[in-house]
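Go ahead and model the full structure; you've got the sequences and the hints to work with.
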Amino acid sequence: MQARVTTIIEHMAKSHGELAEIIESTRYITVNMAQIIEAIPDVQINFQGVEALTQHSLGVTKNLTSYLNILADLEEAIADNLSILMKELNPADEE
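Residue numbers in the sequence shown follow numbering that gives the first Met the number 0, run continuously in steps of one, and reach 94 at the last position.
Quick caveat, the hints were computed from the structure, so don't treat them as lab data. Take the hints with a grain of salt, since some may be wrong.
Pairs of lysine to aspartate or glutamate residues, derived as EDC-like cross-links and limited to a Cα-Cα distance of at most 20 Å, are as follows [claimed, not checked]:
#1 K13 x E50
#2 K13 x E75
#3 K13 x D79
#4 K13 x E74
#5 K86 x E75
#6 K13 x E23
#7 K86 x E9
#8 K13 x E87
#9 K61 x D72
#10 K86 x E74
#11 K61 x D79
Have a look at the derived ranges for each label pair, beta carbon to beta carbon [claimed, not checked]:
#12 S24 x M85: 25 to 33 Å
#13 E37 x K13: 32 to 40 Å
#14 Q47 x G16: 42 to 50 Å
#15 H55 x N89: 14 to 22 Å
Each residue gets a CB set at the ideal place from its N, CA and C atoms; glycine is no exception.
In structure tokens, the structure reads:
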């Protein structure tokens, strides 16, 4: 039983390492996005009307929503992995 738990913990450690790499890459993306935003000029940009401005704003909103959904999926995956680990470490809780 102990060997099985050890194996599960090893797999969990490996999966958490991979999740850490994913988080590191999202951090890298976030830093790059911040640098891009910083490079946007402070002068008023002339869009071709309200419709174009609305479309650009909608595009930014969709991208941001997608990014936040990906982070939520990552958080859910980490929670699922930890719940499996906790069930294996505390089998008395299931009874």
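Practice item. Kindly indicate which numbered hints from before are broken by the structure, ordering the numbers from low to high. Key: 1, 11, 15
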